[in-house]
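> Each of the two chains sits in its own frame; use the hints to bring them together as a complex.
Going down the list, the protein sequences come from chains A and B. For what it's worth, the working numbering labels the leading residue of the first sequence as 1, then goes sequentially. For what it's worth, the working numbering labels the leading residue of the second sequence as 630, then goes sequentially.
No lab work stands behind these hints, which were simulated from the structure alone. There could be a bad hint or two in this list.
Claimed, not checked - Subject to a maximum C-alpha distance of 20 angstroms in a straight line, what follows is the list of computed SDA-like cross-link-like pairs (lysine to any residue):
| # | chain 1 | residue 1 | chain 2 | residue 2 |
| --- | --- | --- | --- | --- |
| 1 | A | K179 | A | I144 |
| 2 | A | K183 | A | E293 |
| 3 | A | K23 | B | K828 |
| 4 | B | K823 | A | D29 |
| 5 | A | K16 | B | S697 |
| 6 | B | K828 | A | A213 |
| 7 | A | K522 | A | A543 |
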Amino acid sequence: MPNLGKTTAQQQSNTKESDFNDKIDEAIDNLFKPQRTVEIDPVTSEVKDTIEEISPEPDKSTTTSGNRPKPQNKKENADIPAQPGSPDIATAVRPQSNVEENPKPSQLNDLLNELEQSFLTLDWEVTERGVANFRNSLAKIKNIIPPRHINVLSVISLLDSVVEKMSSAPEKVPPSAAKTLQKGVVMLKDFAIDKGTESAAAVINDLQELTTAIANPGINKAPEEEPAFGDDLVGADLPEVRIPLELTNLLNLHLTIISQCINRILPLEKLFGQNHLYDKFLNDHRNVRQTLEEEKERLATALNASYNATPSDPDSLSLPTGLAAAIKSHITILRECQETILPIEQLAQKKGANKLYKVEREIRQQLEQQITPLNKALTGTYHNTSTSNASCDFTKLFKTVEDHIDGLTKCVKQVIPLENLFGKTKGYEKLHAAQKRIRVQLEVQRKQLSTALESAASTPVARGATDVRGEVCPWSKLLIVSWNGQKVALLPDELAFEDVSGRAKKRLRPQQNMTLTIRKLKTWPWSKLGAMFSGELSTLPKAELNNMLLPRLMPLMPVTARDAAPPQQETLIFLYKNGRGGSAIMDSPSQEMTVEKEWQWHPLESPDGFMLIGFLEKGEERLPVLSVA
Amino acid sequence: MALIDLGKKEIQCKIVYYGAGRCGKTTNLIYIHHAMSPEDRGNLLTIDTKGDRTLFFDLLPLNLGSVSGFDIRIQLYTVPGQIMYEATRKLVLKGVDGLVFVADPLKVRQERNKESLAGLSENLLEHGIKIEEIPLVIQYNKRDLVETSVPTLTVDELSADLNTTLHKEEFEAIATNGTGVFETLREISKQTVKQVALKHRLLG
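The shape of chain B in the complex, shown without the other chains (with noise of 0.2 angstroms):
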């Protein structure tokens, strides 16, 4: 849930990349990171141990401003998508409001895509929240290996796996290079505000 502060007419919302492990979620966040201005984003807290993945979670602040007299700051967050630590993905979820779930196109992980996916509605659904009705976006990172000779899946076999019954936004995207990553952000920002917005009747 958001953080509003309606004195300080504060808005803090909690986006949360979700996927298996290895799909790039972290990178998504250490470009953002590295790309936007420093004077719009916070520092980049990663909670993992020396050289090693993703531990716990990262945390990058985004401060949007101030739009409509409420100030606005989004929190991106990752879970570590290891499968042992099914306990942290569950203890980040905590207060979601928007989720982006990372898809690896790789041909031997779609089952870990599919299995992932319906970790996260399971988890989702005990916070009481149903994945169908929270903003999420998709995206299919790792495009740049569809042209090499490794075994991939294409986006039509992906959406066919993860978004047939959802029909969620979908991006295509590269986070090593920046393909996809703010496009995917940008809309997955927008979505969650407006109904972060819509769903505590901040407008009135």
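Chain A with its partners taken away, still in its complex shape (with noise of 0.2 angstroms):
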């Protein structure tokens, strides 16, 4: 009776079945069900208890379909705080870390265990926002090593820019890259408890053959393959730009500024939350305060984003086009911003609120006055005003900035009535209070930007509209050479190694590398590599050249579609002097200038990084000074 044989293992199969799903009903609804009850405030996401402990009898439902539970009324106000937290605004405004010569362990140590946290995001996967911060960790942890460290500094650049690479092309970048990034922040770690620095050679290595692997899927296929002259400057590795300094400065203020708006939502948004008549009020400002943060966040990966050149008008050098995709995006948000408190203008008139009608209104009238120059900035092109393409005309910044300044003094004179008011009439306290942090956080919004513009005016590009005489040139000499299609000027001294053969190009690869390992240019083991440079370079012991490795410096502006042709006769470079240096692959080979007396020397006070020490200055012509001491 086969049939009843297979009935029976059925009926068998079924019973175990159904045995199984009972027991897994059973201990899912016996486990999976809350011992306690809390409440989790939707702004903040801070946990509070409200009833100690559940008496373990069952569940109120077991199950399911179509057993819709009747939603529970929030707990009452009670359970709520009467007070949100204040946000901390002596954090807000505290000025970033100056550079230290000697940095503290714990701080170091502070700042690896940030890498290492971003490092670990990163290593689940690449996204702009971890991209921008392990570069954020990596600049601070850059900011505090001394120069002479020179091969952890290497290790750092090209840390920067193998992440920076994965973030433009995520699909290039080979599965090995988040074990050679481990390699890096390990060799940092090993570094930060005095293990040294031997290993810092492998990684690099490593991490140049990521970057290049990464740049270039192919490159490792075919080694000997000499990239064609000017590959670098066509195709999809384009050269990078940099952002005008000034301008990155405007861009992290403004930054700053939407950080401290959304920490001032956030309390008037706890506020509201504390009684559902002013519901809407909450919701509005929730979603003022979300799109705030998602604008906070492009605007961030904008100006951490490297950016590719792209044929310009040749008389111009607009904005790079993600930059200027954020800013309008910003526009964009702003708007809706405005949009969003319209209603609440007009609830707020009907209901008779006259003052909040009134706060309201000048709000959004102030969110019209931010987006009218932020359009003008963004239509505005960063021209030349004389040869040099250094010289842009940031005027119009400057004056967009100081009517934001007005503008927000105008805020304050606004909100000190309101304050009045509240302070005076009982059971307005907290209204009181949240007026208070608003005036608060604008006097230090304006107070910051203040000093934010005059710090930025104060140097040659600003001065160079107000025409501000400068001092005698301290040097007789100087090397010109054209870099990226701009004349810049050269210290002699600082000038260790020139190569218009071509020969150490090929050797060196400066093009795919970030950092230059000097030993290659050994022909022979036996060649002295002292005797191939000139100045403090040619004094250096032979071990320490042999271990040297030079960064890659990068040129100041970017290619200009009238800069793009080939350069005349291409030169690869080393400077050099006090412990630092850098390579460079200039348009030609460099030539003494005689400083005349009519050129006039205009020292930036806070040099860009370690390259543009100031511009020298005759009648229209501006010709940048660059110094890697």
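Written as structure tokens, this is what we have:
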């Protein structure tokens, strides 16, 4: 009776399954139930206990099909803290840490922990935000490493470069990337605990190979193939564009302001959250905050990302595409915020809440005032005012910020009477506190912007418009080279190596590597490196030269369409002074220039990185002077 | 796909809370984490930025103990809801065994809910899974907002938008105070574990 046997087996199987299902149901019902009730603050995600323990009786509704639990009202206001945590203004206005010659071990360790955390996040997946965090951590560490640790600094530069490329072309990232990055992080940690930097050379090599692999996935397959001249100027790997420093600073400030706005809105959200009558306000403020948060993220990403040069109007240096898109998007967001505020304003007017109506209206108008200058700044090009590309006209931007400061001053004046009014009226203590916070935040913003503006206006770039007289040039002779189509001056005693033949370029492949291992210049194993160099580099011990890595220097300005023509005679140079140096490919060999009396020297008060130290000016002509020391 | 170790008789199921940004996926997990007994759950791992929203995912392991000789563990994941994290969402869905789709009742988010569900369907297909075939429950979160003046969608409207063709179990919830959170969890856990057992013929 085979059929009967089959049926019995089936029955057994069904019983087993049913038994298993019952056990699963029982186990899940018994285990997956709350042991205590908590309440989560929807704004801050803060968790608060509402009842200590739940009695171990079965759950209210076991399951399921169509069995929708009746929603409970949220706990009444008693459970919600009376006052939201006020934003830490002291933290918000704390200035960025300055470069320290000798980093404190604890400070370095903290930063390395932060870096490792960012790395672990990146290890999970490469996203723009993850990359931005990682790069921020690297930048902080770089700031506190003394310049004599050139290998460590090289590792940092390479890590930064690798991660940047991972962000721009994640599809090209090889699976080994995370491991290589990890080696870099471990090397930095070893350095922090005084284990030395022996592994640096190997890590640097790995990182260089990784950079090359990401930039050009096929390069490892045919290492003998030298890229054709100019390959790095066209196609996918366009040269990087550096956002003008002043613009970066202003956008960073704007980022700070957005953060402060978010901090201002948070307490209001909590305040409105305490009473159901204000649900609409709560919701609208929440939406505004969310959009601001998204905008902040977008702007931060835009600032941290790298931009490729695209052919543009030869007479202008327009904003990089990504950055322009970020500003456009910000304008859109501001408009959305305005639209969100408008109904609140109308509601307040209808309900006779005149003061609230007035405040909301003022906020909306202030937003409008921000949109207009941003639009102008966006559409205005940063054109050349002289023969040098470096002399961008930032007058409009400075004016924009000045106007913004005026706007903030007006805001403060509007808030003060409201603050006083609420302060005098009983029962309005919370509103009074909120208004006070807004005022303080606005004042902090105003102060920050004013300081930044004063500082930015003191730079030669800004002074260019106001024709401030410069000093006598401290050098009698300078070397003039063309770099990325821009004429720049170098200090003669810093030029350590110059190769016009192209042989060194072939050996070192500077187009592909962010750091050059200078021992590769040796024609024979017994060749003496010292003899190849001049200046300070020629005096260094053989062992040091053999292990030395020189970072690639980035040009000051992007290649514009006008300048994108192939250079006359590409020349590889090394600059080196006071233990710091770098390499660059110039468009032509250097030429000595005797500095005439007419040239006036305008030093930069806070030099941009370690390259641009100031400008020489003669009439309409302006010449950037670079130094690595 | 569930991780099954027949040698150790261990089943590990992956349940993902999916939905548009700000719908309350992480809040669900936070509630479960805080409300459950520490012996039955692991630590909530949240990979995000300081005070910000979920950047990658949240992970909460739950231990169901031994059932029919199998040690059953459930891992709850969330995905980042923001539009820009599409790649992360796809990645987190890899190996998923069960899903909770969390819907936001705000009228302004109506389209986002639909887009998110459509995105889920597409992302699942990329992993070779049909949305109709995977254990899935739909949670209508933030029902406390219904009683306020904020424009919200009714459950019927939400259901018409999201569940007309799927016909999945639906739950109303207020994740901030726990209403409906465990009901949702229990249902999806049961469906998932049973499906995994059935799929892998673990019961002989």
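> If a hint holds in the structure, say so; if it doesn't, say that too.
To see whether the hints hold, each was checked on the structure:
no. : hint            : in the structure
1   : A:K179 - A:I144 : 25 angstroms, violated
2   : A:K183 - A:E293 : 34 angstroms, violated
3   : A:K23 - B:K828  : 18 angstroms, holds
4   : B:K823 - A:D29  : 14 angstroms, holds
5   : A:K16 - B:S697  : 9 angstroms, holds
6   : B:K828 - A:A213 : 42 angstroms, violated
7   : A:K522 - A:A543 : 14 angstroms, holds
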